[in-house]
Amino acid sequence: QKEVEQNSGPLSVPEGAIASLNCTYSDRGSQSFFWYRQYSGKSPELIMSIYSNGDKEDGRFTAQLNKASQYVSLLIRDSQPSDSATYLCAVRPGSGTYKYIFGTGTRLKVLA
Amino acid sequence: EPEVTQTPSHQVTQMGQEVILRCVPISNHLYFYWYRQILGQKVEFLVSFYNNEISEKSEIFDDQFSVERPDGSNFTLKIRSTKLEDSAMYFCASSENSLGNVPQHFGDGTRLSIL
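Chains as they are written, first to last, in my numbering: chain A, 68 to 179; chain B, 9 to 123.
None of these hints come from the bench; they were simulated from the model.
From the three backbone atoms N, C-alpha and C, an ideal C-beta is built for every residue, glycine too.
Check the hints yourself; a few may be wrong.
[As the list claims (entries may be wrong)] Straight-line C-alpha distance at most 30 Å; calculated DSBU-like pairs for lysine-lysine: (1) A:134 - B:65; (2) A:69 - A:176; (3) A:109 - A:176; (4) A:69 - B:65; (5) B:86 - A:134; (6) A:69 - B:86; (7) A:69 - A:109; (8) A:123 - A:109; (9) B:65 - A:176; (10) B:91 - A:134; (11) A:123 - A:134; (12) B:86 - B:65; (13) B:91 - A:123; (14) A:69 - A:134; (15) B:91 - B:50; (16) A:69 - B:91; (17) B:50 - A:134; (18) B:65 - B:91; (19) B:86 - B:50; (20) B:50 - A:69; (21) A:176 - A:134; (22) B:65 - A:109; (23) B:65 - B:50; (24) A:123 - A:69; (25) A:176 - B:91; (26) A:123 - A:176.
[Said to hold, decoys possible] Non-contacting residues of chain B with respect to chain A, defined by C-beta distances greater than 12 Å in every case (computed): (27) 28; (28) 54; (29) 80; (30) 88; (31) 114.
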C-alpha cells in the first residue's frame, strides 16, 4: 500500500517566521511531488511541484526533495496570516499510474 | 487564468437516489479525474479518464459509479444508488497530459450530502 505521511498539526508560527512542512512517502519509485494549499471547504490549490532532488524556489516558497530519504518538504518564508490553511502533499507514484496519493495534510496557523 | 468549474456546489440527495456531478475541465486539457474527500480525511483518487475511456480507477470506484464525457466540454460522475457513506466533497481535476511533471488542477468541488 503506497502511503504519504504528514504531521496533521496544527503547526503554529508567528507572522514573519519560516514555516517548515514535511512529508514522507513509501513508494521509492515515485517521480513527481506536489504541494497544494487547501482552505477549509475549498479545493486544493497548487503551490509548487518538484521532480528532482534538491531545492526549488518560487517566491516565498521553497520545495525540497530528497529521494534517497523519501522526503519532501515545503518552506514558507515570511509567513503571513493569509498562509493559514491546510497544506497537502501529493505524490504521483512511478510510471503507469495517473493518480495522486495525498497525505492527510498539515494545518498551518500563522499568528498575527 | 483558466479553471476547472464544478456544479452544483452542494447537492443534497436521499439515500438510494441517483446523483450526477458535473465538471467543465480546462479547455485544452485532455486528462480528467475525480477525487473525493470525506470530511476530515484524505483526498482520495477515484478515477481517471482519457480519450473517452477510463484509464485508471481505484477500489472505491465500484459498479455504482460511472463517468462520462457527454459532449466536448462536460465531464460527469454518476453515482447510481447513493449510500450514506458517499457523503463527501467530490473534486474534479484535469491536466494537459499524463506526463508526471504536469500538475492536475482542481475544481472547487461539489459537497454531496446523503440523507
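(request) Would you list, in rising numerical order, the hints stated earlier that this structure does not obey? (result) 5, 9, 10, 13, 25, 28 and 31
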